[in-house]
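Dock the two chains into a complex; use the hints.
In the order they appear, the protein sequences are chains S and X. Going from the first sequence to the numbering used here is simple: count from 1 and add 16. Going from the second sequence to the numbering used here is simple: count from 1 and add 50.
In case anyone wonders, no lab produced these hints; they're calculated from the structure. Take the hints with a grain of salt, since some may be wrong.
[Unchecked claim] Listed below are the simulated DSBU-like cross-link pairs for lysine-lysine, each with C-alpha atoms no more than 35 Å apart in a straight line:
| # | chain 1 | residue 1 | chain 2 | residue 2 |
| --- | --- | --- | --- | --- |
| 1 | X | K279 | X | K175 |
| 2 | X | K230 | X | K136 |
| 3 | X | K136 | X | K125 |
| 4 | X | K230 | S | K24 |
| 5 | X | K333 | S | K53 |
| 6 | X | K52 | S | K24 |
| 7 | X | K174 | S | K24 |
| 8 | X | K125 | X | K105 |
| 9 | X | K136 | S | K245 |
| 10 | S | K65 | X | K333 |
| 11 | X | K211 | X | K230 |
| 12 | X | K333 | X | K105 |
| 13 | S | K245 | X | K175 |
[Said to hold, decoys possible] To give an idea of the interface, some chain S residues facing chain X are shown, with a C-beta separation under 7 Å as derived from the structure:
| # | residue |
| --- | --- |
| 14 | P44 |
| 15 | L45 |
| 16 | I98 |
| 17 | V101 |
| 18 | F128 |
| 19 | M130 |
| 20 | S222 |
| 21 | Y247 |
| 22 | V249 |
| 23 | I262 |
| 24 | V266 |
All residues carry an ideal CB built from backbone N, CA and C; glycine is no exception.
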Amino acid sequence: MSRLKDNKQLRNGIIFLTVILFVAAAAPLLATHDPFKLNEDILAAPGSKYLLGSDGLGRDVFSGIIYGARTSIMVGVIAAVISAVIGVVIGGIAGFFGGKTDLVISEIINIFLMLPSFFLILIVVALFGSNLFNMMIIIGLTTWTSNAKLMRAQALSLRERTFIKAQMTLGKSRGRILIEHIIPNGIFPIIANTTMNISQAILLESSLSFLGLGDPNLISWGQMVYQGKSYLVNGWWVSTFSGLAIVITVLAFYLIGDGLNNVLNPKLRAKK
Amino acid sequence: MKRFLLKRILSGVLIIFISLLICFVLIHAAPGNPVTILAGHDNPSPEMIESLTEKYGLDKPLPMQFVNYLGTLLKGDLGYSIVSDKPVVTLIAEKIFPTLLLALTGVILAVVIGTMLGIYAARKKGSRFDVAVNSISYVFDSTPGFWLGLMMILLFASTFKLFPTAGMVDLRAGYTGSAKVLDILHHLFLPLLTVTLIQIPRFFRIARSSVIQIMSEDFITTFRAAGMKESQIFRDYVFKNAILPTVTLFGISLAYVLGGIVIVEIVFAWPGMGRLLMDAIMKRDYPLLMGIYLTLSVSISVTMLLVDIVYAAIDPRIRYE
Numbered sequence: 017m018s019r020l021k022d023n024k025q026l027r028n029g030i031i032f033l034t035v036i037l038f039v040a041a042a043a044p045l046l047a048t049h050d051p052f053k054l055n056e057d058i059l060a061a062p063g064s065k066y067l068l069g070s071d072g073l074g075r076d077v078f079s080g081i082i083y084g085a086r087t088s089i090m091v092g093v094i095a096a097v098i099s100a101v102i103g104v105v106i107g108g109i110a111g112f113f114g115g116k117t118d119l120v121i122s123e124i125i126n127i128f129l130m131l132p133s134f135f136l137i138l139i140v141v142a143l144f145g146s147n148l149f150n151m152m153i154i155i156g157l158t159t160w161t162s163n164a165k166l167m168r169a170q171a172l173s174l175r176e177r178t179f180i181k182a183q184m185t186l187g188k189s190r191g192r193i194l195i196e197h198i199i200p201n202g203i204f205p206i207i208a209n210t211t212m213n214i215s216q217a218i219l220l221e222s223s224l225s226f227l228g229l230g231d232p233n234l235i236s237w238g239q240m241v242y243q244g245k246s247y248l249v250n251g252w253w254v255s256t257f258s259g260l261a262i263v264i265t266v267l268a269f270y271l272i273g274d275g276l277n278n279v280l281n282p283k284l285r286a287k288k
Numbered sequence: 051m052k053r054f055l056l057k058r059i060l061s062g063v064l065i066i067f068i069s070l071l072i073c074f075v076l077i078h079a080a081p082g083n084p085v086t087i088l089a090g091h092d093n094p095s096p097e098m099i100e101s102l103t104e105k106y107g108l109d110k111p112l113p114m115q116f117v118n119y120l121g122t123l124l125k126g127d128l129g130y131s132i133v134s135d136k137p138v139v140t141l142i143a144e145k146i147f148p149t150l151l152l153a154l155t156g157v158i159l160a161v162v163i164g165t166m167l168g169i170y171a172a173r174k175k176g177s178r179f180d181v182a183v184n185s186i187s188y189v190f191d192s193t194p195g196f197w198l199g200l201m202m203i204l205l206f207a208s209t210f211k212l213f214p215t216a217g218m219v220d221l222r223a224g225y226t227g228s229a230k231v232l233d234i235l236h237h238l239f240l241p242l243l244t245v246t247l248i249q250i251p252r253f254f255r256i257a258r259s260s261v262i263q264i265m266s267e268d269f270i271t272t273f274r275a276a277g278m279k280e281s282q283i284f285r286d287y288v289f290k291n292a293i294l295p296t297v298t299l300f301g302i303s304l305a306y307v308l309g310g311i312v313i314v315e316i317v318f319a320w321p322g323m324g325r326l327l328m329d330a331i332m333k334r335d336y337p338l339l340m341g342i343y344l345t346l347s348v349s350i351s352v353t354m355l356l357v358d359i360v361y362a363a364i365d366p367r368i369r370y371e
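Next up, chain X with everything else stripped away, as it sits in the complex (with noise of 0.2 Å):
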C-alpha cells in the first residue's frame, strides 16, 4: 500500500507539473501581454513598457521565466497578479470557497441521488418507472448547464419570484449568524439544481447499468437458486460490487466539474472563480492564471488520489503490493 501510494504521489505531482508547463507555453505564445495593457492605449511611453517588462520578468527567455515561477511556487510564493497588484494566493483564497461549495455539494447531491435512482430503475427494469427516467436522464444529458441556468432564472426567480437571480448573499440585508447561513443556501437553490441535475444523469444511467450487470452474473443465480432472499442478496453482494464504478466516476465527475463550473458561476453570477478566471483571461493576467490552473489541477491530483485509495479500501480484489 504504501508503494503504490507513493507512486500515485508521484505520478500526481508529474501530472501538475506537466500541465502546469503546458499551460505556462500556451499563456506565454498567445498573441498579446499585460505590459500594452497596463501601460494604456494612449501612447504608452516606451519607457514605461520596458520598465513594466522587467518589472514582472518578462524580458528573460521563456524557460528562465518557467524555472523561476516554480521557484518561486516552491516557497509557497503564486506572485503577484499583474493586473490589481494583490497576491494570487489572496485573490483565489477568497474566491474558493464559493466554488468549491457548489461544486462538492452538487456532485454530492447527485451521486446520491442518481446512484439511488439507478438502483431502483435496475431492480425494476422495463417499468413504467425506468423507462420515464431513462429517458428524462438522456434529456439532461443533453442539456448545457448554462441554458439549464438561465431557463432556472426565468422560471423560479422572473416568472415565480421564489429565488433571487443573482450573488450569494443579499448585500443590503447585511444578515449575521443563522440568517446570513439562511440567506446562502436561499441563493444556492437554483445553481445547486443546475450543477445536480446536469450531473444526475451519468451517476444514474451508470448505478443502473452495473446492478443489471451484477444481478445477471452466475454467482447471484445461484444464490437465488439456494433460496436466499432478494433483499439480502442485494445488500450483501449485488450493491457492493455495483457502487465500484461510481467511484471511479465520482472523481472523474468532480474534476469536470471544477473546470466546467465557471459558466454556471458566471450564469447565476456567483462570486467563485470563474468570473476571476474570465477577468484574468481577458486581461492577460499571467500570475492569477497560472494560480487558478495550478488551484484546479491539484485538486483534480487529490481527488484522483482519493478515489484510488477509496477503491483499494472497498474492492478487496484490489491490493497493491
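If we strip away everything but chain S, and leave its shape as in the complex, we get (with noise of 0.2 Å):
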C-alpha cells in the first residue's frame, strides 16, 4: 500500500479525475447557463458574464464544458469496459485452453492488431449513423486486443500453478475454473489497461465529433473545438478551452494507468 502513495503519477492522477467527476456529477450546480441555450451574446469574450466565454451561436462555454465532462466519461468508460469484457474472455480462453484454440485465436488477435482501428471507426460511425451507441459499440469492438494479449499471458502463466492444477484434478469444468480463479487472479494488469484505454476512447471520441461525425443530441468537447475552429480568429476561447478539457481528462486516466503500471512492473520504478 505504501508504494500506491509513494506513487506520485498515480496520486496526481486520481486527484485530477476527483476533481472532473465531482464537475460531471455536479454539473447542474455549477454550470451557470443552459448549455444549449442561443444567449444574445455572440462571441463574447471570456468575462463575468460568460466565464469562458460564449460560441458562435451564443452558448456558454463555461456550462458546455462542464456538461460536456458527462458525455467524455460515458463515452470512455463504457467503450474500455466493452473492450475489457472481450480482451479477458477471448484472451482467457486462449490462455487457458491452450492448444489449437490458443493458436486460432492468437491469429485471430494478430489480424486485428494490423487493422487500421481508426479508419474502420470512421466507417462504422459515418456509415451507420453518429450516436453515442455506436460509437461506444466500435471503439470497444476494435480495441480489446491488448486486453486480449494481456489476459492471455496472465492465463498461461496461472494454468501452471498448483491450485489450478489441483481445481482440475478434483474435476471442476475448465470453463469454472476460468471464471472463478484465472480470470479473477490475472485481472489486475487489465484494470491498469483499462484506464489507458478509457484516455483513448476519450482521444478517440473527441476525435470523431470534431471530423462533424459526433452525437448531435449531446454536449462533447470535440463537437466544441470543432465548433470553434470557424472562430478561430475572432473567438480564439472557444476551441482552446474546449480543448484543453479534453487534455486535463485524458491525462487524468492516463496518469493512473501509467501508475499503475508501475506499481505492477517494479522494473520500471524510478529509484529514489
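Have a look at this one:
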C-alpha cells in the first residue's frame, strides 16, 4: 500500500480524476447557463457574464465544458469496459485452454492488431449513424486486442500454478475454473490497461466529433472544438478551452493507468 | 529466412484480404447508397435509379459483388469513382504523395528526437531534465492531434503570422523549382510539427525504459566491474539491445499515423487523402472508399513486413528457420 502512496503519477491522476468526476456529477449546480441555450451575446469574450466566453451561436462555453465532462467520461468508461470484457474472455480462453484454440485465437488477435482501427471506426460511425451507442460499441470492438494479449499471458502462467492444477484434478469444469479463478487472479494488469483505454476512447470520441461525426444531441468537447474552429481568429476561447478540457481528462486517466502499471512492474519504478 | 519471409508475406496477404472483406461488408450493410445520391433528391425517376444500379453492378448479390471486385482488383484495376467518374487509382495517386510526405517525415523525426531524448533521460535518470521531459511527454500523449494543430495555427499562423494556415503550396505565387520546394516546406512546417510532437512521447518513453532496463542487467554490471569505459559499454552493449523495441514501435506508429493522419490533414487543409476519404464516406462512393482502404491496409502490411525483416537483421538472437 505504501507503494501506492509513493507513486506520484497515480496520486496526481486520482486528484485530477476526483475533480473531474465531481464536476460531471455536479454539472447542474456548477453551470452558469443552460449549455444548449442560444444567448444573445455571440462570441462574447471570457468575462464575468460568460466565464470562458460564448460561442458562435451564443452558447456559454463554460457550461458546455461542464456538461461535456459527462459525455466524455461515459463514452470512455463504457467503451473501455466493453473492450475489457471482450479481451478478458477471448484472452482467458486462449491462454487457459491452449493448444489449437490458442493458435486460432492468437492468429485472430494478430489480424485485429493490424487492422487500421481508426479508419474502421470512422467508416462505421459515418455510415451507420453518428450516435453515442454506435460510437461506444465500435470503439470497444476495435480496441480489445491489448486486453486479450495481457489476459492470455496471465492465463498461461496461472494455469501452471498448483491451486489451478488442484482444481482440475478435483474435476471442476474448465469453464468454471476460468471464471472463478483464472480471471479474478489475473485481472490486475487489465484494470491498468483499461484505464489507459479510457484515455484512448475519450480521444477517439473527440476525434470523431471533431470530424463532425459526433452525436448531435449531446454536448461533447470534440464538437465544441469543431464548432470553434470556424471562429479561431475572433473567438479563440471556444476551441482552446474545450480542447484543454480533453487534455486534462485524458491526462488524468493516463496518469492513473501508468501509475498502476508502475506499481505492477517494479523494474520500471524510478529509484529514490 | 526464405521460409520466414514467405510465411510473413502470406499472412500479410491474408490480413489485407480479411480487412477488405470487413470493409466491404460494412460499407454495403450500411444504410444509404450512392445511387440515390447520384439520382438527386427531387423526384428521381425509377428508370434512372435502375439503370445506375445496374451500371455499377449494385443489383447483384453481395458475395457476387465482392468476387467481382476481387477479380478486377487482381488485374490492377480499382474501378471508377461513382461520384466523379474518374479512375480510383488516379484519384488516390494525386493525393498519396502529400500524405506519405507528412506521415513518413513526421514519424522519422519523432523516432530520432524521441529516442535521443529517451536515451539522454535514461542516462541521467532522476535529473531535472529527466523529470521535466517525462512530465511534458505525458501532456503531449494526452493531447488530441487536431487540437494541437488548431493551437499551432492560432499561435504561429494567426497571431505571429510566421506560417501559412492551410494548404501545401501558395497557388497565387506559382513558384517553380527550388522556390516551390521552399514553399512546400514552409507549408509543411506546422502540420509536421503537430504530427511529430504527438508521436515523440511514445518513442521517448520506450527508449528511456529500455535503456534503464538494460543498464540494470547483470552483464552490464560485470562490464563495469571489469573496468570497461562507460561510453563503450553504452555504445556497444546498451544501445544495440535497447533499440530493438523502438524498431517495433516504429512500425506500429507508422500504421497508426497513416490511419489517423486524416484529422491533421483536415485541420491544415493539407491536400492528402484525408479530404478524399471524408468525401468518399459522405457520398457513399464505394469503389473510392475501398480503394483508400486497400491502399492503407497494403501500406500497413508492407511496413510490418519491413519491420520484421529489420528486426531479424539487427537482432542476432532471432534466426528464423
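For which of the previously enumerated hints does the structure constitute a violation, in increasing order of number?
4, 6, 10, 13, 14, 15, 16, 17, 18, 21
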